[in-house]
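Now for the letters of each chain:
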Amino acid sequence: MKGTNIGEFEELVLLVVGVLQDDAYGVGIKKELEKQTGRSVSIGAVHAATNRLELKGFLESHFSQLVRERGGKRKKCYTVTLFGQQTLKSAMDTRARLWQLIPENSFVVKPG
Amino acid sequence: MIVKVTPPKNALRLLRWFCRSEFLEEIEWDLEELFLENLETYGHRAARKRYWGDVLRHLRLIFIKKRSFKFSTQNQTAMWSNYLKIAVRNFWKSKVISSINVLGLSLGLAACMIVFFHIKDELSYDKFLKNGDKVYRVLNVYPSYDPPHWAGGPVPLGPALIEEFPGIKDAVRLWRDYDPTLSLDQKVFKEENLIFTDATFFDMISFSLETGNPKTALSEPNTIVLTQSMAKKYFGDEDPMGKAIGYNGGRGQMDLKVTGVMANLPHNTHFKFDFLVSFLSVKRQNNWGSFKPIWTYITLNDNVLPEDIVAGLPKFAEKYVPGRVREEEGFTFTIEPMSDIYMKSLATRNMKPLGDLQTIYVYGIVGLSILLIACINFVNLSMAKSLSRSKEVGIRKTIGARRGQLINQFITESGLTVVLSLMMAVGLALLFLPVYNDVSGKQIEAGQLFNIEFIGIALTLLLGVSLLAGLYPALFISRMKSVDALKRSIDKAGASLGIRKAFVVFQFLISATLIIGILVTKRQLTYIYNKPLGVNTENVLVVPYSKDEQVFVDKLKAKPEVVSLGISQRLPVNLLNYDGRTFKVEGLETAAYAQSCIISRDFLQTYDIELIAGRNHFEEATDQWEFLINETAVVDYGWETPEQALGKTVFFDREDSVVGSVIGVFKDYHLESLHEKIPPMIMFRNINEKRWTTWGKEYVSIKFQTDDFPTFLRDVEDIWKAHNQEKAYFSLLMDDSYEGLHEADHRFATIFNYVTFIAMFIACLGLLGLSMLTVGQRAKEIGIRKALGASVFNVSTLLSKSFVKLILLGLLLASPVAYYLMENWLDGFTYRIDLGVSQFVIAFVLTVLISLITIGFQTIKAAMANPVNSLRDE
Chain A
1 MKGTNIGEFE
11 ELVLLVVGVL
21 QDDAYGVGIK
31 KELEKQTGRS
41 VSIGAVHAAT
51 NRLELKGFLE
61 SHFSQLVRER
71 GGKRKKCYTV
81 TLFGQQTLKS
91 AMDTRARLWQ
101 LIPENSFVVK
111 PG
Chain B
1001 MIVKVTPPKN
1011 ALRLLRWFCR
1021 SEFLEEIEWD
1031 LEELFLENLE
1041 TYGHRAARKR
1051 YWGDVLRHLR
1061 LIFIKKRSFK
1071 FSTQNQTAMW
1081 SNYLKIAVRN
1091 FWKSKVISSI
1101 NVLGLSLGLA
1111 ACMIVFFHIK
1121 DELSYDKFLK
1131 NGDKVYRVLN
1141 VYPSYDPPHW
1151 AGGPVPLGPA
1161 LIEEFPGIKD
1171 AVRLWRDYDP
1181 TLSLDQKVFK
1191 EENLIFTDAT
1201 FFDMISFSLE
1211 TGNPKTALSE
1221 PNTIVLTQSM
1231 AKKYFGDEDP
1241 MGKAIGYNGG
1251 RGQMDLKVTG
1261 VMANLPHNTH
1271 FKFDFLVSFL
1281 SVKRQNNWGS
1291 FKPIWTYITL
1301 NDNVLPEDIV
1311 AGLPKFAEKY
1321 VPGRVREEEG
1331 FTFTIEPMSD
1341 IYMKSLATRN
1351 MKPLGDLQTI
1361 YVYGIVGLSI
1371 LLIACINFVN
1381 LSMAKSLSRS
1391 KEVGIRKTIG
1401 ARRGQLINQF
1411 ITESGLTVVL
1421 SLMMAVGLAL
1431 LFLPVYNDVS
1441 GKQIEAGQLF
1451 NIEFIGIALT
1461 LLLGVSLLAG
1471 LYPALFISRM
1481 KSVDALKRSI
1491 DKAGASLGIR
1501 KAFVVFQFLI
1511 SATLIIGILV
1521 TKRQLTYIYN
1531 KPLGVNTENV
1541 LVVPYSKDEQ
1551 VFVDKLKAKP
1561 EVVSLGISQR
1571 LPVNLLNYDG
1581 RTFKVEGLET
1591 AAYAQSCIIS
1601 RDFLQTYDIE
1611 LIAGRNHFEE
1621 ATDQWEFLIN
1631 ETAVVDYGWE
1641 TPEQALGKTV
1651 FFDREDSVVG
1661 SVIGVFKDYH
1671 LESLHEKIPP
1681 MIMFRNINEK
1691 RWTTWGKEYV
1701 SIKFQTDDFP
1711 TFLRDVEDIW
1721 KAHNQEKAYF
1731 SLLMDDSYEG
1741 LHEADHRFAT
1751 IFNYVTFIAM
1761 FIACLGLLGL
1771 SMLTVGQRAK
1781 EIGIRKALGA
1791 SVFNVSTLLS
1801 KSFVKLILLG
1811 LLLASPVAYY
1821 LMENWLDGFT
1831 YRIDLGVSQF
1841 VIAFVLTVLI
1851 SLITIGFQTI
1861 KAAMANPVNS
1871 LRDE
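Respectively, the protein sequence lines represent chains A and B. Position one of the first sequence corresponds to residue 1 (the working numbering), numbered consecutively onward. Position one of the second sequence corresponds to residue 1001 (the working numbering), numbered consecutively onward.
These are computed hints drawn from the structure, not numbers from a lab. Just so you know, not all the hints are guaranteed correct.
What the hints assert, rightly or not - Across the chosen pairs, the derived CB separations fall in these ranges:
1. S90/A with L1059/B: 31 to 39 angstroms
2. T1398/B with S61/A: 44 to 52 angstroms
3. S61/A with K1009/B: 40 to 48 angstroms
4. S90/A with E1022/B: 23 to 31 angstroms
5. F1018/B with E60/A: 20 to 28 angstroms
Where is the CB? At the ideal position from N, CA and C, for every residue including glycine.
Put together the whole structure using the sequences plus the hints.
The following block contains the structure:
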């Protein structure tokens, strides 16, 4: 499959889904993202990202029970697939490796 | 009761319309949740706004339905093919109306296309020259003159500019030589378009050489560059490079070496020349007091603004231009970008006549008006015709057609007509093109027309016109209730009648305006022809001066046909032969300025130039210079009567070797077209023929009286040639050259005639169609009236009355419009007619007459018809 690599925003979304566990649906993800990154995120962007990630196989989804107060609608919740978890880890590893390759004292800012 | 606030319905509808269903549930859920939260935090209004924003942010490829495939079904195709079929049937059913529609529309479109090409061509002038906006032309400004800007300045202007302004990179002068003769072996030709120019000409103005080196071609004295057609004229198929051409003209006599051949100049440039000769060939180059057709072009260094140069020019003029010119006139120089010269230059005295932005607007408006008339026809006829199709609409509606479908159907129908008209229009445009080229003096080829731009224009026209002309009838028909449509109750559609009437009024407003326009332009041009010019150009033949003057003139005078004969430096009518001079006059504090011309023998008598004071014949044997001036000069120099001018001393040159008194004042005559004012003029005889042998002797004007002009012409040529083998012979009739002055106005008038004819024709086509339909719809009424005893006259007046009322209203509205437009046009002439009532009355009568004839045929036919035929129907 073409897209095994993921973008920065997609990576964030994946991580947030991991953080949120049972509460990982559209609005929840949007709010957590805004809280953690401090930037404003549109719901449209979140939907586009989650659905694309699902198509690529990083996320899977299930629908909740019907909610009566909301006119019998269901809420779509996401979990990170094993493939997604692996991708996240390899992304993190790549970064860690790169951080280590940076010669000492060349950065004022230190990792960790 | 608790009002449940819901998200905006339309936003939700939009979302559901574009979004793929598999994503819908999730998106709706989240949007609703956000909406409910926002409702609490920000309130109702803001929440709705945010909801809309969120919906719009879902307009992403991933969510949007792939609709094109889902949409088309068998049923749709069937309906479309049915629309087409009905359209074609309807077209054939009413052949006359349909062909009126197509003919009118295609004429309008064709006219529009030609106008488009004309405008495009006009705007293309000099655009092919590189750096057109970085090259500037220097103009003279005489603030007290009208117009104040003149092109063409003193000889040393260019080099002085380079010297004085560090910001000026280069200056190139173009000096149009006054009709020299060029010779090669036995071939001798008089050439009109020879220009002396500086060595860097090709650097500045991006014409390229076919052969020769542009850097060096003009860098030596006595070198010449020819255009290709001239190379062919002189050398045939030989290689002209390095060969010598003999020059004999205003700058003396010399041999010029050919150093380059350039392509012929395209028609869309303001430059006009066939030969370029190096400026170094000119010997005397330091005269600041004489303004000649020498155009100076400059380029600026990078980072130098033209404003900087202009700011320094008054001081520059003060330093160089002799005080006698400057002080009186507040004289200065200015510059204008080369790319603007053709369309925007305000200067007179150009290399060739320039374009005019206003005329472009006029053409544009007229072209669009014609298209509008054609569109109105189309709309009017379709609407009128649609009434007879109300039954069809009713049935379609009853069966279940939605309004959108009916609109589709009718727009398809008009679209078809437009496609047909567009194809015909292309054919018509091709057909008109030679006529247009002939009238406008351009050379636009058919091949140039079919490019991307043209296709773009055609498609825009197609879409625009089908929508414009198709939409209104479509909306109007589809609005009818099915019951009304079936019952054919037309009064429900009465609203459309008002608009149709307004359209007819508008059409005749335009046509009448154009007709008034024709009449006014005709009268103005006739006025120009018949205006006493102050100079009689009839039966005057001009030949070049010949060296053995005495023998030559005696021989000519011996001929019985010759009435009188004059020799002169300039001819009374010729745009570019001016020689503006400044000189001192006794009693005047400041310098005097005038167009000068040296004459001898009976020049004034030959042209019947009237004398109003003093005498007009020169003393034959005298050492006194004698001057003649015109009325304008008398006024300009501040004398009250012509008599006051007599006896005043004129110091014509700086060395005071040409000094004498004014012996006469002659009546003003026109040097140029009637757009221009008459300038002050001075004439005198060269009395020192030993010193200046042929100074001021260029032309011999012969007034003749003969019944056999061709023989006379041949005799004159024989006499001339017997004396003169090395110079080129030519002859011209002064009458012809005067007509040439108003060529542009003639073109305008001719184009106007065509345009008006087309506009009137289209408007009448519309009227014809409309009257046919009306008569058809009122057939029964007419039948009943006739059965009850109405006469043919009664019926036909009844039918015509409604149209005539509309036409009259259109005419009334046309008068102020036409008055305003024609006043504007006439203002361009210095000598013009006044607008009279007669033109308006004639236009009114003409329009009414033409339209009555158009309607009359139909109405009388209807009135004459046997009522039985119309009443028997059904």
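Legend entry - Hints not upheld, ascending by number: Per hint list: single violation, 3.
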